[in-house]
Amino acid sequence: MSRGQYILRRLVQMIPVLLGVTIIVFTLVHLIPGDPAAAMLGDKATIDNVARLRQAMGLDKPLYVQYFYYLRNLFELNLGTSILYRIPVASLIGQRMVVTLSLVACTAVLTTIISLPLGILAALKKDSLLDNIVRSSLMVTMVMPSFWSGIMLIIILSIQLHLTPVSGWGTNPLDDIYHLILPALTISLGLAPILIRSLRTSILEALGTDYIKTARSKGLQERVVISVHVLRNALIPPVTLLGVSIGFLMGGAVIIERVFALPGEGALLIDSVTARDYPVIQSATLIFSVLVILVNLATDILYSFLDPRVRFG
Amino acid sequence: MSREASPVSAGSSGTATTNRLAATAATEQERQRRRRIASILRNRNLMLGAGILLVLVVVGLLAPHLSPYDPINPDYATTLLSPSLSHPFGTDNFGRDIFTRVLYGIRIDLRVGVISVIPPFIIGLLLGSLAAYFGGVADTIVMRMVDVVQAFPFLVLVIAIVAILGPGLNNMYIAVAVTAWIVYARLIRGEILVEKQKEYVVAAQAMGGTNRRIIWHHLLPNTIVSSVVYSMADIALYILLAAGLSFLGLGAKPPSPEWGEMITEGQTFITTAWWMSALPGLAIIITGIALSLLGDGLSDVLRPGTR
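These protein sequence lines map, in sequence, to chains A and B. Heads up: the first sequence begins at 1 in the numbering used here, then just goes up one per residue. Heads up: the second sequence begins at 1 in the numbering used here, then just goes up one per residue.
By construction, these hints were calculated from the structure, which means they are not laboratory data. Heads up, the beta-carbon is just placed ideally off N, CA and C, and yes, glycines get one too. Any given hint might turn out to be false.
What the hints assert, rightly or not - What follows is a list of derived Cβ distance ranges for each label pair: (1) Ala39/A with Asn73/B: 34 to 44 Å; (2) Ile286/B with Leu163/A: 21 to 31 Å; (3) Gly249/B with Thr214/A: 56 to 66 Å.
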């Protein structure tokens with residue numbers, strides 16, 4: 001099977017998962033205790049209004065018909081209208097997406113910058129003080145609430161040292177990145193130790209292989225051996241792990257956007273939960289999962305390029 | 001008589017042999033049991049983790065006797081005091097002793113963590129073992145469900161479900177049950193797929209053992225360990241989740257001394273009273289570390305040779 005066929009097959013495999021996801025998201029609104037229309041209208045729920053909204057939402061039709069309408073609307077990128085903001089959900093989500101994707105990108109870059117040197121050093125200086133600190137830090141960061149570490153970083157870096165803004169979003173792209181440093185650092189604190197450990201393990205494995213002995217016995221400089229021979233092979237598992245972690249990152253963004261008052265997708269989700277803005281809750285949930293599915297696909301494809309041994313069977 | 005005597009004598013000598021055999025078997029069993037206990041006691045991670053948790057539970061239960069302060073009612077004479085001997089963790093904006101609140105918080109957070117893990121554990125165990133044992137359509141259905149749930153970021157799906165059912169920790173249990181079972185289903189499915197090939201299972205099937213008996217008496221006891229080990233780390237995860245939901249306004253509500261809620265209340269005062277957020281967070285971290293130590297230790301003791 002060629003790489004093209006492999007990618008095509010992965011795309012086809014996505015379809016049932018995507019359908020399942022839309023079923024779950026569609027069902028969500030029907031889990032609202034009582035009448036969804038009445039719940040959405042809240043204080044304004046007169047009998048007339050409820051009946052009108054029920055009809056507008058198609059709630060008077062059988063479930064499968066409603067689901068079919070829902071799918072048709074999705075294909076037309078019609079995600080409904082926000083009850084709170086009174087604008088189409090699609091444009092609302094589009095605006096917020098920029099912030100969340102920038103946060104995720106910033107975090108991925110920052111985590112790589114932190115993990116790469118520490119992972120290499122921990123492996124090359126195995127059992128040193130640095131190695132032990134790096135390895136035991138995972139135990140703490142795994143159980144550290146991200147909003148707590150965010151607040152701690154604000155106290156130390158923003159309030160005490162005045163290095164970064166406390167919260168909010170910038171006024172121009174450069175300022176935006178400046179505002180993203182602290183949130184990205186917060187997520188990296190949780191993510192980097194996982195990547196460092198994976199990098200350390202895979203470098204140690206690579207160092208023990210025969211082709212490294214060969215490279216050394218050829219008289220290659222240690223620097224060349226490490227950068228060309230070891231890293232090239234040792235990077236594969238951590239890169240995959242980073243891809244998988246993006247899903248985890250998206251979930252984490254919900255809390256981090258709240259800590260740093262970033263106007264992203266996660267903050268939108270929470271605001272709409274508070275306002276019982278069900279069309280937005282539904283669509284934000286859907287978008288998050290579509291992003292995870294796409295990132296997983298991208299990771300698989302990237303992996304097939306990184307590791308030529310991947311069998312497309 | 002002779003006919004009677006011989007069986008008796010045979011019986012008595014037989015009994016003696018059986019007794020001797022039973023005795024050696026018993027001492028062998030006893031020796032194994034002792035070795036097992038010794039290996040548990042020698043396991044530093046296990047003892048440390050269990051020790052910290054035991055202390056936490058006892059301190060949480062005895063909280064009213066350990067602290068003279070009230071965890072809920074405000075005392076406006078002592079607002080925002082920094083940590084001191086009489087208030088080791090300081091006081092909050094309502095003048096409540098934070099250390100006292102952290103102690104009472106053990107009752108909430110540890111309980112939430114433990115309760116949360118039970119439904120996904122049972123559902124996952126059930127669906128995972130059915131999928132693996134029967135294969136075919138059952139397996140396809142369960143695994144496609146796993147694929148779909150897995151496509152959502154865990155936190156986002158939990159938030160969406162809590163949003164629909166209404167905020168509060170009780171609805172969090174439901175949300176976790178619906179979303180987190182996939183981990184256990186995958187774990188147990190993988191283990192049973194390997195285990196069911198083994199001879200003793202094939203033998204049990206050949207002897208006409210019912211499916212339920214084989215799953216319940218043969219497969220589960222031999223495959224459940226990794227799920228139990230995993231559930232320890234999961235308890236820590238759900239404590240983090242409960243704290244996170246409280247932070248987002250979807251979990252515990254003030255004045256509850258839930259740790260996440262306390263961190264959240266402190267965020268308003270980060271410029272003046274760092275201790276309000278900082279110290280309850282330490283409680284979460286310590287509990288989490290204790291649970292991971294316990295999980296690691298259990299894994300060493302229950303699955304020797306896998307690490």
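Now for the hints, and whether the structure bears them out:
The supplied range of 34 to 44 Å is met by Ala39/A and Asn73/B, whose beta-carbon atoms lie about 35 Å from each other. Take Ile286/B and Leu163/A: their Cβ atoms lie about 29 Å apart, and the range 21 to 31 Å holds. Between Gly249/B and Thr214/A the beta carbons are some 60 Å apart, a value that agrees with the proposed interval 56 to 66 Å.
Every hint from the earlier list agrees with this structure, and none is contradicted.
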